[in-house]
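2 protein chains.
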Amino acid sequence: MADATMDSASRLLHLDDLRIGQRFASSTEAVDERAITEFARQFDPQPFHLDPEAAKLSLFGGLAASGWHTAAITMRLNVRGGLPIAGGIVGLGGELSWPKPTRPGDVLRVESEVVEISPSRSRPDRGTVIVRSETRNQRDQVVQIATMKLLVPRRPPAE
Amino acid sequence: MADATMDSASRLLHLDDLRIGQRFASSTEAVDERAITEFARQFDPQPFHLDPEAAKLSLFGGLAASGWHTAAITMRLNVRGGLPIAGGIVGLGGELSWPKPTRPGDVLRVESEVVEISPSRSRPDRGTVIVRSETRNQRDQVVQIATMKLLVPRRPPAE
Chain A
9 MADATMDSAS
19 RLLHLDDLRI
29 GQRFASSTEA
39 VDERAITEFA
49 RQFDPQPFHL
59 DPEAAKLSLF
69 GGLAASGWHT
79 AAITMRLNVR
89 GGLPIAGGIV
99 GLGGELSWPK
109 PTRPGDVLRV
119 ESEVVEISPS
129 RSRPDRGTVI
139 VRSETRNQRD
149 QVVQIATMKL
159 LVPRRPPAE
Chain B
9 MADATMDSAS
19 RLLHLDDLRI
29 GQRFASSTEA
39 VDERAITEFA
49 RQFDPQPFHL
59 DPEAAKLSLF
69 GGLAASGWHT
79 AAITMRLNVR
89 GGLPIAGGIV
99 GLGGELSWPK
109 PTRPGDVLRV
119 ESEVVEISPS
129 RSRPDRGTVI
139 VRSETRNQRD
149 QVVQIATMKL
159 LVPRRPPAE
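Going down the list, the sequences are from chains A and B.
For what it's worth, our numbering labels the leading residue of the first sequence as 9, then goes sequentially.
For what it's worth, our numbering labels the leading residue of the second sequence as 9, then goes sequentially.
Treat the hints with care, since some could be wrong.
Where chains are identical, the list cannot tell them apart; a pair therefore holds if satisfied intra-copy or between any two copies.
[What the hints assert, rightly or not] Capping the alpha-carbon separation at 20 Å, the derived lysine to aspartate or glutamate pairs in DMTMM-like fashion look like this: (1) Lys64 x Asp133; (2) Lys157 x Glu103; (3) Lys108 x Glu41; (4) Lys64 x Glu46; (5) Lys108 x Asp40; (6) Lys64 x Glu41; (7) Lys157 x Asp25; (8) Lys108 x Asp59; (9) Lys157 x Glu121.
Rather than coming from a laboratory, the hints here were simulated on the basis of the structure.
All values derive from a computational prediction rather than experimental measurement.
Please model the complete structure; the sequences and the hints are all you need to start from.
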């Protein structure tokens, strides 16, 4: 995997290649009931994420994916081409909100935008970038907004 | 699962039972290399989360769990008794940071504290609560801080 990353590094973006307002779009991913309940069984075993009948009686009004599942799918979409950062996507933290839940049958995609670029003062080989990633379903409804600070390498001087 | 939640509802906390500064502790969970690489393969397929050798050469200096894996384990620990909220743990969003990565062999636990309580003005049956959850490893190092806003039901008047 390290080699694969290095092989395609020429089209991956360093800090120097990014500009504020730059936008990226991921591919899409369908989320079915089985994926929702499987993630929930592992990491968020609550009735409204596990059981369609119990979920009807909950405040979700039907089966809803764990917000952490939506976050994990968003990461997968960004890693698989949605956010082509050299050195990978290394998050330090950020803000997260889930305006609507992900539902069975949803087809998700991520649209990301660079909102801040800060070269490091102490480390000339890197900097941080704040990226706002909106995860949307097939009806263009936003299911997650993640505004995350990423560690991004600068282009090596030799290149 | 719905019945299990209802059966134990008498010891679960409603908005009216919470106070600022109230603290909760979860059980512990060991995280091994297989769990780290399995989560990464599914949701965050990057060399430093997948391959111990590639990870040595990365800025992590060794295999590190995806931050989203740490977040998902934190949720599981909170759902399994770490945060006994009536009606379940329903997050609207919040802030997340990963001061250190989770490593193979780490034993994680979560300490949570209520930092804000806001009864809804429009919906007398609910409110929101901000909870700060620190996820710590066996050396007491903080691997994640999550400050999340949760939807919490009020105690029904009939009770």
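Taking the earlier hints as the rules, which of them does this structure contradict?
Checked against the structure, no hint fails, so every one of them is satisfied.
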